[in-house]
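Number of protein chains: 2
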Amino acid sequence: MMIELFELRGANPEHLFSPYCWRVRLALAHKDLPFTSQPLRFTDKQPIEFSGQKAVPVIRDGETAVNDSMAIFSYLDAQYPQKPLLGDAVSANRARLLERLIFGALRMPLLKILVPRVFACIDEADKEYFRTSREKALGTTLEDFADREAGIAAFGKAAAPLEGWLKDQPYLDGEAPAGTDYLIAGLFLWAWCLGEQPWESGSAVDAWFQRILKDYEAQHGPVVRAA
Amino acid sequence: MMIELFELRGANPEHLFSPYCWRVRLALAHKDLPFTSQPLRFTDKQPIEFSGQKAVPVIRDGETAVNDSMAIFSYLDAQYPQKPLLGDAVSANRARLLERLIFGALRMPLLKILVPRVFACIDEADKEYFRTSREKALGTTLEDFADREAGIAAFGKAAAPLEGWLKDQPYLDGEAPAGTDYLIAGLFLWAWCLGEQPWESGSAVDAWFQRILKDYEAQHGPVVRAA
Chain A
1 MMIELFELRG
11 ANPEHLFSPY
21 CWRVRLALAH
31 KDLPFTSQPL
41 RFTDKQPIEF
51 SGQKAVPVIR
61 DGETAVNDSM
71 AIFSYLDAQY
81 PQKPLLGDAV
91 SANRARLLER
101 LIFGALRMPL
111 LKILVPRVFA
121 CIDEADKEYF
131 RTSREKALGT
141 TLEDFADREA
151 GIAAFGKAAA
161 PLEGWLKDQP
171 YLDGEAPAGT
181 DYLIAGLFLW
191 AWCLGEQPWE
201 SGSAVDAWFQ
211 RILKDYEAQH
221 GPVVRAA
Chain B
1 MMIELFELRG
11 ANPEHLFSPY
21 CWRVRLALAH
31 KDLPFTSQPL
41 RFTDKQPIEF
51 SGQKAVPVIR
61 DGETAVNDSM
71 AIFSYLDAQY
81 PQKPLLGDAV
91 SANRARLLER
101 LIFGALRMPL
111 LKILVPRVFA
121 CIDEADKEYF
131 RTSREKALGT
141 TLEDFADREA
151 GIAAFGKAAA
161 PLEGWLKDQP
171 YLDGEAPAGT
181 DYLIAGLFLW
191 AWCLGEQPWE
201 SGSAVDAWFQ
211 RILKDYEAQH
221 GPVVRAA
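Read top to bottom, the protein sequences are chains A and B.
Note that the working numbering gives residue 114 to position 114 of the first sequence, counting from 1, and the numbers run on in steps of one.
Note that the working numbering gives residue 13 to position 13 of the second sequence, counting from 1, and the numbers run on in steps of one.
Simulated from the structure, these hints should not be mistaken for lab results.
Don't take every hint at face value.
Identical chains share a label here; the pair holds if one copy fits it or two copies do between them.
Below, in silico cross-link-like pairs of lysine-lysine (DSSO-like), each with a Cα-Cα straight-line distance of 30 Å or less [said to hold, decoys possible]: (1) K167 / K136; (2) K157 / K31; (3) K157 / K45; (4) K127 / K214; (5) K157 / K54; (6) K54 / K167; (7) K157 / K167; (8) K83 / K127.
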């Protein structure tokens, strides 16, 4: 039986934008693993009750349910060893530390850009949930938090070390893409699918992203972007 | 024949403080490799002429000369595979990217703190060289560049993600120290040996540094710190 991926959708069921769910899609594509998608709204909790979890991504592979993008990467490496995502214990640990550092630096700038985009594209049924949960976490209103210009400036600053690195080699993980690339590319797809591109066209970061996107689209067709 | 390490010294030949040379000392200790030290002033170029290089660290291992701390790590892993520093190609690449990100964030804050300390502790014969080369690179005088208070504040901010990480596990590389730990601990020894400690005593970062220092000192005796 094929792997099932439970993932976040917008009002349009084909509009995917969760950075964590994108990580898993990219990882499945990397390993050439076919899967079926179960796109869910934020508030569709019933379909993932079997997993004991309340948040996507969740994968179901036969009898096994795995949630959390990093845990899914580990599971896929253990179960489908071709083209490792994380590698041995030390290598996996390095990927996790890189994720921590890069995600930590890029997340806030991206949120400042993307919060209004997410709110605009989600289903009506999700809007109250999204507003209430995010405003509680952010300690302010979505409208007061959002700051596209500041977000783009902060993103550029935080992404500068990646730009330097990617000038010297095609992928974060070296000559070929692996786990670190997908952990970070998920963030870029979050922006991309919401209709933003806070990095410069023609930059090394842009070329890296386009390489990953192209490989993914060659397998799964064009990704749906918000207008 | 024992490995020879050509490394930077202060006016006191036992006073070592170069972050790059410390990386190599820590790596040699990690692999339990004995070595002899050739401590050199900045301006002692003749003893490393054999290597074709003008900067330490350089190691000589029989007929082989290797310079650059990262290249020395690769060489040591290839020649002495016990307790890998960098690991396989992807893992090594991740260590290099971590070094790029963490070093990039910590270097400037440390320089602002340490430049006057370095100038004070080097041999009289090195002072003109150090001042001229550094002032050219920094685009200003050593005195105008140095800013201990700003450096300490910036260091704390840049080290915050490491603090979070090290609260959850003892080493950057996980349960045991490896290459990433030594690449970064070299920076901490730079400060430590120059008599500074820009991180908080009792922090997770401090506990990590003390673990690495203790293991090193158990093999090689106490490190010499500037007053």
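> Hint by hint, which ones does the structure fall short of?
Replying inline: The structure conflicts with hints 2, 3, 4, 5, 8, although it agrees with all the remaining ones.
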